[in-house]
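Chemist: Sequence:
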Amino acid sequence: MFVRSVLKSRLSNFERSRPATGGPLSSWLLQVAALVLMVLAAPATAFAVTSLSPASGAVSSGAVGDAYTPTQFSGVGGTGGCCTYAASGAVPPGLTLSPSGLLSGTPTAAGSFSFTVTATDTDTTSASNNYTLVVNKAATTVSVTSSANPGPYGSFTFTAVVSSTPGAGTPTGSVTFSISGDGSGSELATLSGGIASFTTWLNPGSYTISATYSGDGNFNSSLGSMNTSQIVTRANSTTAVTSSANPSVFGQPVTFTAIVSGGISILTADFFDGGTSISPGPFPNGGTLTISPLAVGNHTITASFAGDSFYYGSTGPLTGNPQVVNKANTTTSVTSSVNPSAVGQFVTFTAVVAPVAPGAGTPTGTVTFLDGGSPIGTAALSGGSVSLTTAALAAGNHTITASFGGDGNFNGSTGALTGNPQVVNAPLSPPVIDASFAPAAIAVNGTTRLTFTITNPGASTALTGVAFSSTLPPGLEITAANALATTCGGVFTAAAGSGPITLSAGTVAGGGSCTAALNVTATSVGVKTTTSGPVSSTNGGTGNAASAVLTVNTTTTTTALTSSPNPSGLGQSVTFTATVTAPSGTPTGMVTFKDGGTTLGTGALAGGVATFSTSALAAGPHSIIAVYPGDANNAGSTSAALTQAVNQSATTAAVTSSQNPSPAGQPVTFTATVSSGGGTPTGTVTFSDGGAVIGTATLAAGIATFTTASLTLGSHTIAASYAGNATFTASTSAPMIQSVSTPADSLKLRAMQTLAAPMAAQFSGQAISGVVDSAIGEGFGDGGPLVTPNSSGVRFNFAADPGAAATDAVPRGAGNDPASSRDRASGMRPGSPSGSRVDDAFAALDHAVAAKAPPKRIVEPRDWLAWAEVRGATLDRWSVAPLGSATTVPMLYGTQVNALAGVTRKLAPSFLAGVLGGYETFAYRSDVLTGRLKGDGWTVGSYLGWRITDTVRFDAAIAYSGIGYNATAGTAAGSFTGSRWLASGGLTGTYRYLGLLIEPSAKIYAMWEHESAYTDTLGTLQAARDFTSGRASGGVKLAYAVAWLSRATVIPYVGLYGDYYFNGDTAAASALAAATTPPAFLLDGWSARVTAGVAARYDSGAQIAVGVERGGIGGDVGLWTYRARASMPFTAQ
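No gaps in the numbering here: position 925 of the sequence shown is 909 in the working numbering, and each next residue is one more.
These are calculated hints, taken from the structure and not from any lab test.
Some hints could be false.
[To be verified] Derived lysine to aspartate or glutamate pairs resembling DMTMM-like cross-links, with alpha carbons at most 20 Å apart:
id, residue 1, residue 2
1, K918, D1010
2, K918, D860
3, K311, D391
[Unchecked claim] Ranges of calculated distance between the beta carbons of each label pair, as one might list FRET restraints:
id, residue 1, residue 2, range
4, P231, P359, 34 to 40 Å
5, A1016, T961, 53 to 59 Å
6, A375, N310, 51 to 57 Å
From a predicted model like this one, the values you see are computed outputs, not experimental measurements.
Beta carbons: idealized from backbone N, C-alpha and C, even for Gly.
Sequences and hints are given; from them, build the entire structure.
Modeler: This is the structure in structure tokens:
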């Protein structure tokens, strides 16, 4: 059965391949013969399915919601009716595979789906292939509508409907609404059932409304807008007026509020009362008007809104018109000036008429005062109050009231006397006054208390309006802290100095007494008498006067003595100060200063202090006293004895130099100045250098000088010592450091450092920037061309399939037939007995028909790259003429080697990062400076790359280097360390034209280096130094790939760049000038650079490259750089 099935299949194939009638038949007849041989030789075993069509790989793509174009899968080599088909893995949702091998349906989800189809024959043998099917997102459209268009100022709702192909489903995600013509900007809304809405408040105007759908996993984004502009007009308004109080009373503030369009307060309402404007201006606060007073009566109130940019104008009346204003109620109160009073005493009754809230204002009209209902007087109101004064009240009780009759704005009212009744008593006796001091005797400037006592002889009625006045005699005055106190009430005052002292409006209870007291200070010695004026009262008449006597004595004093300076020098002026103090006051007069029993002189007291100065004291101790004889108010006193010591005068010495630093061998004059507060020192000064005497000189007017030219090179500690004499003490100056010129070779050593160190930094910067550019270029090599140039050479795409081209369209008869390959692998030869006639027949057929291409190779992506590069640099001899010379001498030349290595990791298709490390060594010489700078160091750093587009990338790097330097110049030498930071960045493009690879680029790197301070072998301290350096460049490189060996490709390249070098070093110019060297940077400003080389790349992904570079073209110096690089991609497991 199986043989028949195969035969039928083969015959069908032969029939299709049979040539047309009349054509050659040899090929067809040969196939028929082979088929017959196959049938005859077929063993009695069943054929099995051997393969599946189509081959593994991508099948036709589809789109969400669109019916998929069916794909038919077919087994090859099986029996008739082969096969049944099944799918496993991620079959796109919405598609199904039928048992007959037909993949069909409508996709419901977008994405890339990988699945396996297996064809199973009747004898359960099977064949499987892996497939990938891409389902694209469905297209969408957006329509936008408005809740009202046109519509009035207010709230609007905009609705966006996102639709797609029928059957694709309902889009999800969000829609961004945009409104132009307004500051609203945009608003994000979430889709629900394919619909999103957004509500906003729009001002009058014209707007363009659009909505942008952002898309989701199954639907593409889209943009839609309203068919016409959204028109917003002004809104109609209605105006209503409310009153805060209706009815109101006269004087009551009433607030009218205009409300427009359902409660919106406005700022442009005008209010009218019966057609007359009552607003103080066209813009009352917030649409309100508070007015007071409104006249008594009825008022028709309206408000007019003029409209604005949002609302049309309108006018409205007061709710509850008219506004009714009634008279305000009042209250009347009555007070008495004195109650009780005496017969014949004047009493003033005061009536106050006040409006009752909320009324306001000042009532006018008249008030009638009544005693028990009988009028006793009438008076007109003034400012709301009125008074009536009378002395005609008889003895007894009187019920006093006041009646206000009202006016046009206020209702009348009646009030009774506060404290009714008014009590009138019989006539009273006058008051009695007495005065006294306590204590009655004090020292001058002391303080005592003066007390006045007032007594009421009558037992029944209080005396009111009690008053008296008094002044103090000379020698007494009221103390600043007078401590005024009274129990008499009223007003008690005491003016500064001698007075007057007054009491007014006091009160003394019947049969009682009161006091008025204050502090008094005595300013002179003697007996002091003070007498008051007569005491009086309103209701009791005038009484007696009073006197008091005070005795004032002199005060004791103390005298204290000080001197300055103490001890003092012989002949030095000494000032003696005597301070005389008393318990109070300031003593005056003269003070006598004595040395034992001998008077030295006198001094007048000023503020209690007297001074006396003298320089005539002999050497030795002196017992000094100060004697104060006293004055009119103060007793005399004598100070304790003060011992004044008179010593030799102290001196101070100072030394200066005529020039510091000074050149070696040149005369230097040292000047010593010796000074003293006790005069001008004389004698001899000794000059020393580090403790060793180098000369002496005699003081003249306190100054001595010494000149020497024998100071050696270096630093010298110079001091001047004064020996002193019988009058002046010895002293030594503070040491002074005298520097003798720095050696010329130390200056040249500094110049060598400032000249060569930036050159070493520049070469390292070029090396690090170049290897970073190569590493990033190689790291982005996936899926692109095999070879691409970069700024330092070429880069290879190590992810490209080097063997892909070899797998396409190769005849199976050319030795690539799988069956033949298996035969060769098993040692079988053509015609071998182990081969069957069927095999021979199929081999004959295979030679006669076209062969199917083998499947493409799958290359494992390699996202790691290890690389290493060595660069050598040579600086041509740069010759200059030293300052003052016409002959040129090599200024700087030398070599440098940088070895760097690193690892790159691709983190994403467009982003990678890497780390690097390296070592550098260099040696530079200068014939001008007779110098050399050698050194080495290490470097660590990191870098990153970002592929902005398929043809443009951005790269950046940062690195740190630690350097050790060893420098010599003539006889000077020194070692120091440096720390260097580098930062770089740039943009690079990659383009292809007619097989030529073109790479334009723009790069920049900058370096910052700090070098430590050190002391050279000649003893000179070389200061720490900082400098900056860098290069900005731009240019293009060209490369062309050439096939070489079967497993390698070579790429020659050439490039041209323009460079701009920049530097910053504040120490360089001064250092070079000091060494008589022209102050100029080797690499500074514009120059050109040419690169060339060749690279080779192997099928394994490994690559090597060599190149040469000539820089500084057009500049002062020539730079040669040589490089060799190798790299290898790998996959981290």
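Chemist: A separate judgement is required for each hint: does it hold in the structure or not?
Modeler: Checked hints:
1. K918 <-> D1010: holds (19 Å)
2. K918 <-> D860: With Cα atoms ~17 Å apart, K918 and D860 stay inside 20 Å; holds.
3. K311 <-> D391: holds (9 Å)
4. P231 <-> P359: 34 to 40 Å: Holds: the Cβ-Cβ distance is about 35 Å, inside 34 to 40 Å.
5. A1016 <-> T961: 53 to 59 Å: violated (29 Å)
6. A375 <-> N310: 51 to 57 Å: Violated, at about 42 Å.
Checked against the numbered hints above, the structure breaks hints 5, 6 and satisfies the rest.
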